[in-house]
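Student: Here are the chains, one letter per residue:
Number of protein chains: 2
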Amino acid sequence: MLTISNRGQQMPPSPIRKLVPYAEAAKKKGIKVYHLNIGQPDIETPKQCLDAVRHSDFKVLEYSHSAGNESYRKKLVQYYKKVGINVTPEQIIITTGGSEAILFGFMACMDAGDEVIIPEPFYANYNGFAVQAGVKVVPITSNIETGFALPPIEDFEKVITPKTKAIVICNPNNPTGYLYSAAEMELLKRIIIKHNLYLFADEAYREFCYSDVHTSAMHLTGVDEHIVLMDTISKRYSACGGRIGAFVTKNQTLLNAAMKFAKARLSPPSFAQILGEAAVDLPDNYFDTTKAEYKLRRDTIVTRLNSMPGVFCPNPGGAFYAMAKLPIDDSDKFCQWLLEDFNYNQQTVMLAPATGFYGTKGLGKQEVRLAYVLNTTSIHAAMDCLEKALEVYPGRV
Amino acid sequence: MLTISNRGQQMPPSPIRKLVPYAEAAKKKGIKVYHLNIGQPDIETPKQCLDAVRHSDFKVLEYSHSAGNESYRKKLVQYYKKVGINVTPEQIIITTGGSEAILFGFMACMDAGDEVIIPEPFYANYNGFAVQAGVKVVPITSNIETGFALPPIEDFEKVITPKTKAIVICNPNNPTGYLYSAAEMELLKRIIIKHNLYLFADEAYREFCYSDVHTSAMHLTGVDEHIVLMDTISKRYSACGGRIGAFVTKNQTLLNAAMKFAKARLSPPSFAQILGEAAVDLPDNYFDTTKAEYKLRRDTIVTRLNSMPGVFCPNPGGAFYAMAKLPIDDSDKFCQWLLEDFNYNQQTVMLAPATGFYGTKGLGKQEVRLAYVLNTTSIHAAMDCLEKALEVYPGRV
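Just so you know, the protein sequences line up as chains D and W, in that order. Residue 0 is where the first sequence starts when you use numbering that gives the first Met the number 0, and the numbers rise one by one after that. Residue 0 is where the second sequence starts when you use numbering that gives the first Met the number 0, and the numbers rise one by one after that.
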């Protein structure tokens, strides 16, 4: 028999998308499903960005430069400058979504058997890219009681081996919404210097910080060679389908290596580079409205959650996710039950079980991730469903 | 010191793009460079496809389905039917260019240390994807004397080991332009059955066949489980920058595995899926004009090449590439010299040295690849340059 590869077998299913068949079945039964399971914002993509694509007038849809259009990279330099990051166009490789930036980073820095440390719970697709690169993800646990703050530095020290090549930090965090402080970033700086590690910084949600200013890994001084920014415009401008991200580093050797991966796949998508370039010209106050809207939604969802008996939801400092601890036996069972066996006035809610965000087996069984990507009316309706559901769920503990 | 990975070091530079700095330097000196080095067609992208994108009216640029929009996959079923391939929408995964389809195929079917057989000269980026997957490319040599026909089946048998998992065939071929016959495809069928191998079929140039009809790997009967189509719209509709391809197979287990890789990167680019969907509605005679244009260019370039003393260029049956044997010492040196030290009336030509397309070291030193992606006037001008260059090149043999 023809076989698929071990890595094909090891690739984890998406914890965000694995319950989709149950949601589809619920919808077929006429039940309205509120999707709080996935980070697809309902915020409109800025019209002037979409218009830039719609008004483009080239005749041939050509390959772009493998690192992305130079004009776009020059614009991005302006954008990064506004957020306190000083880079040159040559230090930026435009990627096909943040996903490809992560893959390039893993591929260029690590070989099969190497290890990368990631505070858990973490963005589940890091697992997928690690499997593709043959890299072992070593999780260290952050806890809901601290709001998912950075684990103590000793926890990092304990798991560092000669195989450890990098730490991944997502800031503000998906799935926890935690915003790492300047002090925490300094702790990370000390450890990457001491153990000579790369720091991969996923800053997809940089613009959405509610409690404090954002400290980019690229704000850290004296560690230029260590830092790789894995960026994307998906959430920043609600442009997830564009598939435009960026791999940014001042490490020239690494940049050269990453460029070889970029050249092998020829170029990033041309249309959405036009969109990304136009986005840099949005007015400086563009994010104010979006941020205010997300903050309102956060306040709404966190208040509602904490008012439910037995529920605890720390107040997330950024991004558009909240993690909540529920009085349930098993988050996978519960989330499936919400879609399969429950409805409240013909409505229900779809959540992401937290188990898929933990690398340590057995964790996250009482936690769920909620993406507050719907307006407050929908959030209230979804929370009504959740509240009722928790009252009648057979596996309540 | 921070290190990059072995695979980052092993990634080969692009043979098509490595001479770019010399071309840029030539242009700075005021020399006009005819680019026959790269498969970027000058053919206009069909206006109605670009218009489909320009007239789109959605408000949020959302992620698409990880397998691509269902509406597009349904349309593609119609397209494939027209070329004699019967598949369902569920058997198609829309990829980010043909590049990603190749990567998914390598990743899902093979593990580190596994082997894939590819007739050489071959599309150089297969090397890059093989390095990413840790897979060993085992070349078997086809020869310019036979026009790069399929090597004898015994040559395949000789290199098959327990590690061999697949054969890659590019038909019509890049870089040789060779169009594999139905009989040759049947030979491949026999060998994949006998040794239980996958056949990865790169059919990017399916529409551009001049000497014979195209035999798709998906036309082979009784081997559905073995066949993976690695497709793209880049060349078909001159839409290289769209980055839309397809991974197509009837092997359900493989499809499930590939979908996990697709889900990890979330979705293919949204804009160009609209373009691809519109392209299926182009009139049936759409390709006639483009094909006639390419055939004219092929006839022009092949005639010009064979009229030069000491030059031999077999007549390619498809795609838009020709491989020529030149009376030179070293194709890398010669191609660099053309840009660095030569001009004819302030003009020169950029070619791709064939060495980068061979897996066997030392081969291709007298061969170059010419992409006939320019109009016949430019091709004549480029051939004038080449003819003069060969007269004065110091390394002529």
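Calculated directly from the structure, the hints in this document are not laboratory data. Treat the hints with care, since some could be wrong.
What the hints assert, rightly or not - Below, simulated DSSO-like cross-link-like pairs (lysine-lysine); rule was C-alpha separation at most 30 Å, straight line: (1) 73(D) - 31(W); (2) 46(W) - 74(D); (3) 249(D) - 17(D); (4) 332(W) - 46(W); (5) 294(D) - 294(W); (6) 188(D) - 157(D).
Student: Are any of the numbered hints broken by this structure? If so, which, sorted upward?
Tutor: 3, 4 and 5
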